[in-house]
Amino acid sequence: MTDPTTAPTTAPTTAQTKKSSPALVLLAWVIVGIPAAWGIYFTVLNATKLFTQTSTSALPVAAPIK
Amino acid sequence: MALLSFLDREHSIAPPGYSRWLVPPAALAIHLSIGQVYAFSVFKIPLTQLIGITKPAAGDWKQSQVAWIFSVAILILGLSAAIFGKWLETAGPRKAMFAAAVCFSAGFFVSTLGVHFHQLWIIFLGYGVIGGIGLGLGYISPVSTLIKWFPDRPGLSTGLAIMGFGGGAMIGSPLAVKLMAYFHTPGLVGVGRTFLVMGTLYFIFMMFGVFTVRVPRAGWKPEGWTPPAKSSVMITTHDVDVNTAFRTPQFWLLWIVLCMNVTAGIGIIEQASPMIQDLFKGVVKPAAAAGFVGLLSLFNMGGRFFWASISDFIGRKATYFIFFALGGALYYFVPQTGGDHLNSVRLFVAITCVLLSMYGGGFATIPAYLRDMFGAHHVSAIHGRLLTAWSTAGILGPLLVNRIREAQLLQGVDKAGAYQTVLHLMAGLLLLGFVANLLVRPVQERHWMSEKSPSSSALRPAAAK
Numbered sequence: 501m502t503d504p505t506t507a508p509t510t511a512p513t514t515a516q517t518k519k520s521s522p523a524l525v526l527l528a529w530v531i532v533g534i535p536a537a538w539g540i541y542f543t544v545l546n547a548t549k550l551f552t553q554t555s556t557s558a559l560p561v562a563a564p565i566k
Numbered sequence: 212m213a214l215l216s217f218l219d220r221e222h223s224i225a226p227p228g229y230s231r232w233l234v235p236p237a238a239l240a241i242h243l244s245i246g247q248v249y250a251f252s253v254f255k256i257p258l259t260q261l262i263g264i265t266k267p268a269a270g271d272w273k274q275s276q277v278a279w280i281f282s283v284a285i286l287i288l289g290l291s292a293a294i295f296g297k298w299l300e301t302a303g304p305r306k307a308m309f310a311a312a313v314c315f316s317a318g319f320f321v322s323t324l325g326v327h328f329h330q331l332w333i334i335f336l337g338y339g340v341i342g343g344i345g346l347g348l349g350y351i352s353p354v355s356t357l358i359k360w361f362p363d364r365p366g367l368s369t370g371l372a373i374m375g376f377g378g379g380a381m382i383g384s385p386l387a388v389k390l391m392a393y394f395h396t397p398g399l400v401g402v403g404r405t406f407l408v409m410g411t412l413y414f415i416f417m418m419f420g421v422f423t424v425r426v427p428r429a430g431w432k433p434e435g436w437t438p439p440a441k442s443s444v445m446i447t448t449h450d451v452d453v454n455t456a457f458r459t460p461q462f463w464l465l466w467i468v469l470c471m472n473v474t475a476g477i478g479i480i481e482q483a484s485p486m487i488q489d490l491f492k493g494v495v496k497p498a499a500a501a502g503f504v505g506l507l508s509l510f511n512m513g514g515r516f517f518w519a520s521i522s523d524f525i526g527r528k529a530t531y532f533i534f535f536a537l538g539g540a541l542y543y544f545v546p547q548t549g550g551d552h553l554n555s556v557r558l559f560v561a562i563t564c565v566l567l568s569m570y571g572g573g574f575a576t577i578p579a580y581l582r583d584m585f586g587a588h589h590v591s592a593i594h595g596r597l598l599t600a601w602s603t604a605g606i607l608g609p610l611l612v613n614r615i616r617e618a619q620l621l622q623g624v625d626k627a628g629a630y631q632t633v634l635h636l637m638a639g640l641l642l643l644g645f646v647a648n649l650l651v652r653p654v655q656e657r658h659w660m661s662e663k664s665p666s667s668s669a670l671r672p673a674a675a676k
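So the protein lines, in turn, are chains A and B. Numbers in the numbering used here are just positions in the first sequence, counted from 1, shifted up by 500. Numbers in the numbering used here are just positions in the second sequence, counted from 1, shifted up by 211.
These are calculated hints, taken from the structure and not from any lab test. Built from N, CA and C at the ideal position, the CB exists for glycine as well. Mixed in with the good hints there might be a few duds.
What the hints assert, rightly or not - Cβ-to-Cβ under 8 Å is the rule here; a few derived chain B residues that face chain A:
no.: 1; residue: Leu218
no.: 2; residue: Phe503
no.: 3; residue: Ala536
no.: 4; residue: Val556
Starting from the given sequences, assemble the full structure and let the hints guide the process.
Next up, the structure:
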């Protein structure tokens with residue numbers, strides 16, 4: 501049984517090899533990075549409520565974690 | 212169909228010089244999309260006000276009815292991953308991703324009809340069943356491809372993708388809220404149009420993954436990397452067929468490992484908001500509790516990448532030992548941070564964040580663990596079947612948490628005390644997971660595929676621990 505994921509191909513010569521452009525790789529990461537960053541931004545905004553809207557007057561009796 | 216032949220595996224073989232770093236964004240495009248399922252709760256209230264618009268009216272659906280849509284979607288995720296996993300291995304990641312995109316988007320479109328005709332069963336069929344199939348296919352589709360592209364760092368690569376699933380809700384939630392606000396009119400809640408737009412947006416975004424993903428050529432390996440001459444006995448150099456793997460004790464031990472880790476995590480996720488408010492009465496208000504839930508989701512997502520990457524260095528078994536030993540101890544200790552004892556919100560938050568990072572880490576590290584045990588050949592299919600542990604935990608976790616807590620409250624135990632019982636039970640479950648992980652041994656030779664797969668057997672990952 502052979503692995504169909506890796507169908508044999510002719511070995512390329514160095515001259516034939518065209519490497520993916522670093523700009524293309526960067527663009528691919530930007531395409532997924534922008535929506536991810538947008539979502540994380542909203543989550544961080546939401547998470548800050550824990551620190552801004554916790555009643556400080558009643559905050560820990562125990563020593564804060566350093 | 213000739214028109215769709217570009218989806219075939221042979222048409223997605225990477226040309227020489229193709230950068231493997233294009234594959235994780237392709238996988239992320241899928242996982243960031245389907246991770247939206249965890250944000251489905253934002254539709255709960257609007258779906259119960261389709262007639263009343265500003266408040267539920269006679270004939271509107273109940274929240275308890277609507278809540279089942281999410282449960283059905285997660286159940287179908289597990290089932291479809293298990294059923295279609297083997298097909299995916301032959302069809303290739305591009306075709307599977309395309310099918311996932313079609314199903315996931317179609318789920319939204321069909322649900323739009325459900326909203327339009329006010330028929331709940333159509334939404335169950337759309338988002339729950341059709342969308343659920345898209346979830347299952349999408350979740351497992353990039354796994355074996357990533358492992359083949361990153362034989363030196365299988366944990367890092369699958370961790371990146373599965374981190375996307377954790378992050379999907381972070382995009383899906385504000386997106387849905389903003390779209391519903393945009394489409395809201397005095398006579399329309401705006402859910403139907405939101406479904407329509409989200410289905411379209413997600414389809415386009417997932418197509419980026421479909422067109423970008425490639426499978427490596429025969430004999431490909433990372434530049435300058437040579438498989439280690441001697442690696443751990445816990446990392447196989449052979450492949451096991453999915454049907455054979457299903458019958459090995461290793462599969463079922465890992466099934467228990469995942470199930471226990473997820474069930475324990477759900478113990479916190481399920482009650483995060485009320486728990487912090489009850490343990491710190493008068494200190495943490497609902498808005499701050501919502502912030503706590505947001506913080507947990509960040510650690511859930513970050514833990515997926517962090518722990519899966521760490522596992523490449525310390526080994527998969529050791530990583531799960533940390534989850535179960537440290538996790539068990541922290542679950543046992545966390546009630547002590549409450550108002551009746553140490554009264555430290557910061558300590559409580561810190562501990563629960565670590566616990567949630569390990570919950571996410573458990574999801575993200577399991578594909579690499581499966582690769583170590585069974586080889587890369589059928590790893591997506593085996594992973595698909597293992598996800599039934601997730602479906603089981605999805606039912607077991609909330610059931611345990613809610614039933615035990617309710618029983619405790621009925622017996623007159625105060626709210627904080629009831630949480631203690633639940634959290635101690637979660638510590639016990641992690642102990643079970645610890646034992647299951649301890650019992651994991653290399654798969655016996657008789658289970659190996661008779662003919663070795665050149666893709667995986669030739670390439671051995673770096674985690675020789």
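Hint-by-hint comparison with the structure:
Interface hint at leucine 218 (chain B): violated, since its Cβ lies 14 Å from the closest Cβ of chain A, which is beyond the 8 Å cut-off. Interface restraint check: phenylalanine 503 (chain B) against chain A, minimum CB-CB distance 5 Å, threshold 8 Å, status holds. Given the 8 Å rule on beta carbons, the hint for alanine 536 (chain B) is violated: about 21 Å separates it from the nearest Cβ of chain A. Annotation: interface hint on valine 556 (chain B) holds; nearest CB of chain A at approximately 6 Å, less than 8 Å.
Hints 1 and 3 from the list above are not met by this structure, while the remaining hints are.
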